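Chains as they are written, first to last, in full-length UniProt numbering: chain E, 1 to 405; chain B, 1 to 405; chain Z, 1 to 405; chain D, 1 to 405.
Worth flagging that the hints you see were computed from the coordinates, not collected in a lab. Remember, it's a predicted structure, so these values are computed and weren't measured experimentally. What you were told as hints is all true, and nothing was included just to trick you.
Pairs count within a copy or across copies, as identical chains cannot be separated in the list.
Taking lysine to aspartate or glutamate and the DMTMM-like style, the derived pairs with C-alpha atoms no more than 20 Å apart in a straight line are:
1) Lys326 - Glu306
2) Lys250 - Asp181
3) Lys286 - Asp261
4) Lys286 - Glu246
5) Lys326 - Glu68
6) Lys401 - Asp139
7) Lys401 - Glu195
8) Lys6 - Glu148
9) Lys401 - Glu264
10) Lys342 - Asp261
11) Lys342 - Glu195
12) Lys342 - Glu243
13) Lys53 - Asp26
14) Lys286 - Asp333
15) Lys6 - Glu109
16) Lys326 - Glu337
17) Lys342 - Asp196
18) Lys346 - Glu213
19) Lys401 - Asp375
20) Lys346 - Glu200
21) Lys286 - Glu87
22) Lys405 - Asp362
23) Lys346 - Asp196
24) Lys346 - Asp204
25) Lys286 - Asp236
4 protein chains.
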Amino acid sequence: MSEINKVVLAYSGGLDTSVILKWLQDVYACEVVTFTADLGQGEEVEPARAKAKSLGIKEIYIDDLREEFARDFVFPMFRANTVYEGEYLLGTSIARPLIAKRLIEIANETGAAAIAHGATGKGNDQVRFELGAYALRPDIRIIAPWREWDLTSRQTLLAYAEKHGIPVEMKKGKASPYSMDANLLHISYEGRILEDPWAEPEEDMWRWTVSPEAAPDQASYLELTYSQGDIVAINDAAYTPAEVLEKLNKIAGDNGIGRLDIVENRYVGMKSRGCYETPAGTVMLKAHRAIESLTLDREVAHLKDELMPRYASLIYNGYWWSPERKMLQHMIDASQENVNGKVRLKLYKGNVIIVGRASDADSLFDASIATFEDDGGSYNQKDAEGFIKLNALRMRIAAAKQLRK
Amino acid sequence: MSEINKVVLAYSGGLDTSVILKWLQDVYACEVVTFTADLGQGEEVEPARAKAKSLGIKEIYIDDLREEFARDFVFPMFRANTVYEGEYLLGTSIARPLIAKRLIEIANETGAAAIAHGATGKGNDQVRFELGAYALRPDIRIIAPWREWDLTSRQTLLAYAEKHGIPVEMKKGKASPYSMDANLLHISYEGRILEDPWAEPEEDMWRWTVSPEAAPDQASYLELTYSQGDIVAINDAAYTPAEVLEKLNKIAGDNGIGRLDIVENRYVGMKSRGCYETPAGTVMLKAHRAIESLTLDREVAHLKDELMPRYASLIYNGYWWSPERKMLQHMIDASQENVNGKVRLKLYKGNVIIVGRASDADSLFDASIATFEDDGGSYNQKDAEGFIKLNALRMRIAAAKQLRK
Amino acid sequence: MSEINKVVLAYSGGLDTSVILKWLQDVYACEVVTFTADLGQGEEVEPARAKAKSLGIKEIYIDDLREEFARDFVFPMFRANTVYEGEYLLGTSIARPLIAKRLIEIANETGAAAIAHGATGKGNDQVRFELGAYALRPDIRIIAPWREWDLTSRQTLLAYAEKHGIPVEMKKGKASPYSMDANLLHISYEGRILEDPWAEPEEDMWRWTVSPEAAPDQASYLELTYSQGDIVAINDAAYTPAEVLEKLNKIAGDNGIGRLDIVENRYVGMKSRGCYETPAGTVMLKAHRAIESLTLDREVAHLKDELMPRYASLIYNGYWWSPERKMLQHMIDASQENVNGKVRLKLYKGNVIIVGRASDADSLFDASIATFEDDGGSYNQKDAEGFIKLNALRMRIAAAKQLRK
Amino acid sequence: MSEINKVVLAYSGGLDTSVILKWLQDVYACEVVTFTADLGQGEEVEPARAKAKSLGIKEIYIDDLREEFARDFVFPMFRANTVYEGEYLLGTSIARPLIAKRLIEIANETGAAAIAHGATGKGNDQVRFELGAYALRPDIRIIAPWREWDLTSRQTLLAYAEKHGIPVEMKKGKASPYSMDANLLHISYEGRILEDPWAEPEEDMWRWTVSPEAAPDQASYLELTYSQGDIVAINDAAYTPAEVLEKLNKIAGDNGIGRLDIVENRYVGMKSRGCYETPAGTVMLKAHRAIESLTLDREVAHLKDELMPRYASLIYNGYWWSPERKMLQHMIDASQENVNGKVRLKLYKGNVIIVGRASDADSLFDASIATFEDDGGSYNQKDAEGFIKLNALRMRIAAAKQLRK
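Work out the full structure, taking the sequences as your base and the hints as a guide.
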C-alpha cells in the first residue's frame, strides 16, 4: 500500500466520507484531495470546504457540474427514451460517469496515483465509478474502503468518528433513515422498510414530489420545444439543459409526478428494492416519445426501441465510457436530426398526459393520407392487396405444404 | 368472379357491413354466411341475427368468443409486457387473429371459398385479417369491398343502402363521430378532430373511463394473484381470464385509468393518430412487470425486454399466426414458469401505483444479500473488486494502447 | 398513361431491354432516355450507344461507375462483415441502389417524369430499384414492363423483337442459359437446372473462378493493408477501391475461391436457388474479420455481429436509401476508426486461410496478459474468483430457492 | 479451509492434475475423489485409474460421456448454427458444462462439499466450470489451485512433482508444446509461437486434419439425413450422435477440412490467439444451414440469425446452465420441427461444398413460383407493385417533406 502518494476522494462532506477521509490518511498514510460536486442534489456544497480544511486537506475541489451533467449526460440519455427494466429512469447511474471523469481529471492535475469513493461492495455505484475510472486512466489505483475496512456496522463507524474527532451530525435537518442519492435528475431511496418488497413506502419518505392526492385539483398545461431531440424551451422561454431539469422538476413535482417504487436487478447479481423521484425525467420521457412519434421514421423508431434496453443496461451497469456505448450514441444522435417541434402536455395529480404535438418542418404525419375519409387519390387502396399477398406468400406456401402432408 | 359459391362475412350488424352483405350478394352473386362475434365490445350481438335474416342469410354464426379471446390471445400477449412503440397496448391488433381464425373455420365448415371483411385499404386491420386467413388456409379467396367498390364516400354508401332497403339507423344511442373498435381489452378512436395531432380530444369522446378529474378522491387498493404469468385471482377471488378483464376494466375505468392518445406508425406506411381506452390492460402491464421483477431472472427479463418490440410489431402488423410469432411465444411462455405470486396496487385518479409484491415460492429477492447493512457474510464484498477489474480489463488495455500512440 | 413525357430506362443493350425500349416508345408514346452503367460487369458498355441510337434515342447516358460503386457501396457494406442468411455476399443487392440513384439523377437532369427497368415482378431487383427511386424522388413514376405487358414468354418476346426490327443476337460469344447479373463484386446465376435444388451446377456455368480442382497446386500468399476498415493496399502497393476488387477477383478467382451455391429467401416471399461467384468478396470478408479480431473491442464486435443480419436484410431487401440503413451505417463507420493494420492470407484451391494479422498502432492483443505462462504480474488471477462469483450470484440465489421448494 | 471433507477433482491423469491431486491432499487435508471423462478426446482414460489409485484415491469415477456430450450438448448447439465471433465453433466451450454437471453429480453422490479443476485464472474454462457448478449446486465450494498456489512456473510445478513422487512423463508419445484441449468436437491449440498473431502455425501442430495440400486429389461425396435439425444418417446408414461426429471427423479430417486460426475475445477480458481443428463441426454447420435453407421459414431463419451471436456468447462465456440459455434453447428447438431432409456435400482439399438439398415432406422451395419463366399463374406479378408502393410510402412521405423545406 505504501506506493500511493496522493488520493482523490469523492467527498460529500457527510459522516461516511469524512470517516473515509481520515481512514485514508491513517491507513494509506497519503495526502488526500477532496472533490465535491454540485450535481443539483439540492444541498449546499460549500460546507464541504470547511469540513475538508478542518481535516487537514490542502487541495479541495468543489465544482458546479450541473450544466455539464444535464447537457452531456442526461440529455443524450433521454434521446434514446432510456428506461431500465421497463421502469427506472437511471437517475443515479447517469451521474456516476461524470464523477468518475472528474476524479480522473483531478488525479491527473494533482499528480495523484489513486482515487477513492464511498460506495459499498454490494451496489452498482462502485462498478460505475471504477469502470469509468479504468476506462479513462488504465493505471489508476482505486481504493474502495467499504470493501477493505472492518468498519462494517454503524456502531464501529461512529466509534471511529468519535475516536478521530470527526463531528457526527454534519447535516442540518432531520436525517433520513433511507440510503439516498440525489442529483438534478432524481432522488433515490433504499434500505430500511423498503427491504420488504411487500411494504408500501411511508408518505414522508418522499422529498421532491407531493402525493397525487395532495397535488392541485387544477391541471397545469405545458409546452415543450424540441431541437434535435433536446428540450430547448418551456412555454416558449429558452432554457439551458440544467434549467430545463430544474423547471420541470418543480412543476412536475408540484403535480405529484415522478414517483417510482420497484424491485430491480443490480449488476452485481442480486435484486434490490428502490424508490425514486424523477419528476422532470418522467415528463421528458413521455414528451420525447411524443415528438418522435411525429417526426421519426417508423423503422428508425423501432430499431431504437429494440436497442434501448441494451443501451439502458450499459448505463445502469457503468459502461458509459465504453466503446460500445459510444458507438450506440453515434447512432442515437444521428437519429435525432429531425426531432424538432413542440409537445403540449397536461400535468394532473401524477398523470403526464400528451394533448398535442406539432412540427412544421419535420412532421411526417400527413392527414390527407391517413384519413379514412376520401383522400383525393393520394393513396391507392388497391396497393394494399399486393402488399398483403406478397407478405403472406411464405406462409401460404408453408400452409399448402402442410396440407399436402 | 364467378367461381365464388359462398363467402363468409365478418358481420357486425351495422350499416357498413350490411351494405357489404348486400353488395356481395349483388356483385359476386354468391351466398353469404354471416359471422358475428362477441369479443366483449359491450354491444348486443343477437340483433345481428335478425338483421342478417332480413337480408336473406341462411347460415348465421353468432359466437361468444370472450373467454377464448382473453385466454388464448390477450393473456399470452401480456406475458411479454407487450407495448407497441412505447405506448400502445394492441387492443385492436390482438382481436384480429381470432376473427381470422373463426372466419376460416366457418368457411371450412360451410364449404365457402371466400371470406370478406369491412376493413378499409388504408388501415392495419385488412392486413391482420388477411395474413391470418392466408396462413390458416392458403387457398382462401378474400374480398375486401373497400378496396374494390366505388362506394368511397358516406353519401354513396347511404344512397346504396337506401336503394337496397337497408335500414340506416341500426344501432341505438348516439352515434359516435369517431371510427371506433371495441373488445374486452379496449376501445379505439380514430378520425375527425383526432386527425389534427395538435388537438386535444374532447372529453365526451371517452366511453369506458372517467377522467382522472372525475375519478373518486379515495384510492382503491387491489391484490392480483399470478400463476405462471397470468392473473388467476383478484382480491383472492378466482376469476377466468375474461372475468379478470371485465373486473379490472370496471375498477380501473372508474379510477380514470387507461386513456392513451398517440401518433402511431401503421404497417401500411403512414402515421395515424389514435386514442385508446385500455383500463384493465394498463393495470395488467404494470402489475405483470412487478411480479416479474421479483420472480424472473435478470438476464431472462432483459432478453424479453429486447425482443418485446419485435414481438409487439409482429402482433401489430398481423403476424400472430406466423411461425416467428409462435417461435417467440414458445420462449416467452417458457419464461413464465416461476412467475407466481401476488401484486398489490393502488389505483387513484389515473395512476396505477405498485405498493407491494410477494412470492413465497418463487421470489428471487433476498433481503439478507441485498441489504447495505450487515449481511452476516452471505455476500463477500471483496468479490466485487475482481468482478470490476475483469470487466474493465478490455477497456484498460485499449486505453493503455491509446496512451502509447 | 398519357402524362409521361419522358422515361429514363436502365438499358443494358441486350435483347430484353431493347424490347422494353421499343415497347415504351409504342405503349407510352414517350421519349426514352437510356442509361447504361459500367459497374465492372466485364462487358463493353459502348456498344449500347450504337444500339440505342439505332432505336432512335437522343439522350444516351453511359457511365463508368466502378469507383463509386466500390468506394461508396461495396466497401461500406464490408465494414459490417455483411452476409445474408449466413452465406450470400449481396453482390447484386449492393449494386441496385447506385443504379436507382443514377436513374433519378438523370431523370432530374433530363426532365423525365418516369424511370423504367427490366426486372421481373418475381424478383428482388424490382424492389431494390423502386424503393431506392421512391426514397430519392417521391413523385417519380416507375414503369416495370414485366409486370405490365403480355410478352410473358421467350417466344412472344422474340416475336415482338422480330416484328419491330430489334436484332436478336446482340451479344457476342456463347449465350448463357442462366439468368445472370455481374458487377465488380460478383456474378450471379439463376434458373434452368438450378431450379432443382438437388442438382449440382454444371462446371461450365462458372465464369470468374476456376474450380478448386483446376486451381494451382502452389498456394498464393497475400498481404492486405487496412485503414479504418477498408483495404488500401495489396502487398504494400496502394490501390483504389475498384482496383482492390479487380486485383482480388483475379488472384482469388485463379485460386478457385468464391463459389457459392444456395437456396435463399427472396423479399417477395418465395425461396429461390442461386449460384454466385464472389472471389474478392470472399477474401475480403475473411480478412476484415481478421483485422477486426485484433483491433476491435469485444463488445463493439459482438454488437456489430448481432446487428449484422438486420443490416444485411436491409440491403438485400432494397432499403439502402432508408433512414434506418443510414443510421446503422453511422454506427458501423464509427466502429472502424481503429481498424488499421495488416492481414496476411494464404489462398489455395478454394481456401482462404488467415496466417497472420498485425497492427502496430491499434492492436488490442497483449501477449503479456494473454499468456498462460508467467505474466510478471500484469493480470491478477485472483480477480477471476470475484468475477465468477458475482456473475454466478443470480443463478445461485435461484438454485437455492428451488432447493427450498 | 478446514471445513472441506472431500473434494471431487476433474482429473485427466496428466501431470498438472496429478500435482493438483497431491496438493489438495496436502493443503486441504481432505479426501479426493477423481473424475475422468471420455469425451472423445482420443486418449485412453483407463490409465487414469491406476494413476489415481497410486496416489491413494479410493473413489475413482471414469465415465464414457461421448453419447451424452454429442446428443445433449453438441447437437442442440448446432441447431442454432452457432459460431462465436464469426469463426469459432465452440468445441471447448460446449464440453465444460457437461463436466461441471458430472462434478456436481459426483459431489452429491459422494457427499463432497467441494470440487476442483485444473483451469488457470486467465482463461474461460474456469468460468465455464464454476458458473455451471454454482448454477447446479449453489452451496458448492470450488477450489481452483492455479488461482491459489505458488506453483506458477513450469519449474516449480516439476519440483513439486518430484518432491512428492509424482511420475513426470505420464503420457506416451511426443508431448505437444501447445496448451491443448480435445473432445469429439475439436482439438484446440494455444500458447507458444501462437502468442504472436502474425506467426503462421507450424504444420506439425495439427493432429486431426491433413493439410489441404496433403488431402486426396479426388473429392469425397457425402449425404447427410436430417431429422428435426439433427443428423441421423450418413449415406443412408443410421448413426448415433457420437458416431456421427466420429464418422464426420474422419472423412472431413482426411479431406483437409476444419482448421481454424483466430484471435478471439476471452470472457475475462483479453484477446487470445487460438488454433482449432473441428472437422465434423465444419461440415455440420454448412450442411445444417443448407437443410434449413430449404425447410425453414424466412423470418424464423432471420430471427435465429439475429439471436445466434448472443446464444454463442452465452455458451462461450459459460452460461449453458443459465435460465436465459435454456429459454433460447426452447425457441431454437421449436424452430427445428420441420428441418427434415437430405443434404449432399462434396468434400475436397479443405472445401465443404453443398451440391444438393432435398426434403420431400418439408421443402418450402416451390420451383413453380420461383421460376422467372412462365409459372402458369401461381404468382401474380402485379402484386409486387402494391407491395413496393406501401413499403416505400414512409420514405416517400419523408422525402416529400424534405423537398418542401
